[in-house]
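Chemist: These are the residues of each chain, in order.
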Amino acid sequence: MDDYSRPDPDQLLTRIETDQYDDRRSRLKVYLPYLWGILLLALTTVVGFLIELDISPTNLVMIYLLDVVIAAIYLGRGPAILVSIIGVLAFDYFFVPPTMTLSIADTEYVITFIGLFLVGMVISALAARAREQAESAQRRAADTIALYSLSRDLAAAEGLADIIKSVRTHLETDFGDDVVVYLREGDSLYPYFEAASSEIHVGEIEMRLALWCYEHSEPAGFGTNTEPTARSHFMLLKTSTTTMGVLSLKPLDPSRPFTTDQRRMLEAFTNQTAQAIERVQLTEQTRQIKLLQAAEALQNALLNSISHDLRTPLVSITGVLTTLEQQGESLEASSRHSLVVTAREEADRLNRLVGNLLDMARLEAGALKVRREPSDVQDVIGTSIGQVDERLTGRRLRVEVPEDFPLVNMDFVLIVHVLYNLLDNALKYSPSDSPLEIQAEILDDEAYIRVLDRGIGIPEGDLENVFDKFYRVQRSKNVTGTGLGLAICKGIMEAHDGRIWAANREGGGTIITISLPLS
Amino acid sequence: MDNKPRILIVDDERPIRRFLNTLLSTDYLVFEASSGEEALHVVAAERADLVILDLGLPDMDGVEVTHRLREWTQIPIIVVSVREQEAEKIAALDAGADDYLTKPFGAGELLARVRVSLRRMTKEASEPVFKTGGLVVDLTTRIVTMDGNPIALTPTEYDLLKTLVKYAGKVLTHRQLLRFVWGNAYESETHTLQVNISNLRRKIEPDPTRPTYIVTEPGVGYRLKIN
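Line by line, the protein sequences are chains A and B.
Quick note, the numbering used here runs 1 ahead of the 1-based positions in the first sequence.
Quick note, the numbering used here runs 5 ahead of the 1-based positions in the second sequence.
Pulled out of the complex, with its shape left as it was, chain A reads as follows:
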């Protein structure tokens, strides 16, 4: 890390030159009040000449004394002292007999001189102190206002981006721009950027300086002993307990280091910022924890529901089997048969449920492979009907597929599975003697297959939700199911770049449509 304390001599030289130029200008600024003091004295002397005849010289002293007070208040301590010295000399020279010489006839005037001089000194000291106090009070007030306004903005900030934006705004007026905040991540740092501010470039040197600053808990870069030629100043973002990261900024005036006041102020700024960042990060953590808790609660609910659904058939099956095991002999043939039928139906249900859960898991894991082949829609529909054949007795089922329907690219098995699920739902949610319909149609560049029933329909607000996992329309308490069928259908359709949607049918019932792209 010693690399950082190696200033580049060339850059140092340029810096000194700019310093000299600037010194000349600021020296002029320093001497200006003295000139004003002398001008003031000259004016007083002229006025003195004008009124000399009317008043005694002793009273003229009062006017000079006024000069000293004015100089002390408005020009500062140095000019005030100069004014009191020159004032004494001018008074002596111009007004004390013998005039136009520095000698004095009346030794009484020595007291006047000493009085004038001492009063000038005291007043100038007092006035200057008052002035300095006022100035520092003013500065403190300004600092307080700046800090207050920053902390107000930080308090209102809702995220990291907000915080960094307001820090940037507050720093660029008085301190510097190109503010970069490096946040801690494990043992390392990374520069934080909102998406929009990509114009700020963080180079390798900046990154290393930030890291150095972070690891040594010391400011680095511009204005410090570590790589002072760097363009930016690096400061720690520290709260009372931890270091949140590092903040760097490019000073407005690269020719002079920050003053003590500025450093103090910057420190206050960075402290505020660090606290705000900590707060936001804690809030974010809390939010994450809450989300996790919610997800966990949902998962528990799902697990409960699944374990209930899995166990119910097992209860019946076990019940039937133990009954047969213990009193199979004594049971009447008819009741034995009905027990066996129950067990068999429950086993089927269990098998469907396990199949659905596996399908869902495969869909969610992205492990479902879609083998697309040109397929005969007529055959797809026929095969899915074949799978519900037994349950169709007593139902009218109308299938409408145009004669010249082209082969459509799809995974035959999966689309049969979708149609099977749709038929299964239609059978479950409609009266046992109501008719069913399946229609196929080509519109533009999509193939549509619709399954229509005359069942209970779906509440308008639920038309989209029915495709959610474990969602079941509330009003159908007496229908068994996992609430997975339509979610699986949706997953399969999406894997085909196709769509699935539900609508209520005119005159009652549901229409579920799937669409497959033809190209």
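Heads up, incomplete: computed chain A residues facing chain B, CB under 8 angstroms, no partners named:
| hint | residue |
| --- | --- |
| 1 | Asp377 |
| 2 | Gln379 |
| 3 | Ile386 |
From chain B, some residues computed to sit far from chain A (all C-beta separations above 10 angstroms):
| hint | residue |
| --- | --- |
| 4 | Leu28 |
| 5 | Tyr33 |
| 6 | Glu93 |
| 7 | Thr178 |
FYI, nobody ran anything at the bench for these hints, they're computed from the structure.
The structure presented is a predicted model; accordingly, all values stated were derived computationally and were not measured.
Quick reminder that beta carbons are idealized off the backbone N, C-alpha and C, glycines included.
Knowing the structure of chain A, use the given hints to seat chain B on it.
Modeler: Relative to the frame of chain A, chain B by itself:
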């Protein structure tokens, strides 16, 4: 010596072997094997007439077992798979397995498959006239009738129907049908097969939307149903 057909059950799950054994032992002489190696050995040693082969064996791929059996015997093989083994199932059928069952399956289904497979074996030299339901196919005169009405078929449709009839009751994979009817070069022309099946159904099925003669085995192929 017992004259019952000899069936070998290959499955690594004891409860499943036991269930199958109980189910089959009334009409057949049943042997068990719990691994592929053991199965290959027992088929030869016990001169099995039919093999019920589970695809999820611990030591050997079911397709591999099928291949090795087909090197020296044409005895019927019925593969048993779960839904997740689609690809392996088709590969086993392509390799010469006769039929398949998907777990869980009912007793009736299994017994029917076993009967069909064994019957096909015993009357390999098929009779010149095939009948099922209202469908009659006379293989010598190439005349096809449905409920006594003659049906006009294109040469390809007839070849397709003839192949299905030849293997009646057995599932034929897309690849097998394409190979038998069109030739080896057409193995992947599934759409040609689909179109011809569709046309054939329109001519012989009473309701083409709910076929009862030529049934689709989703993802696998077709089967001509026999009653």
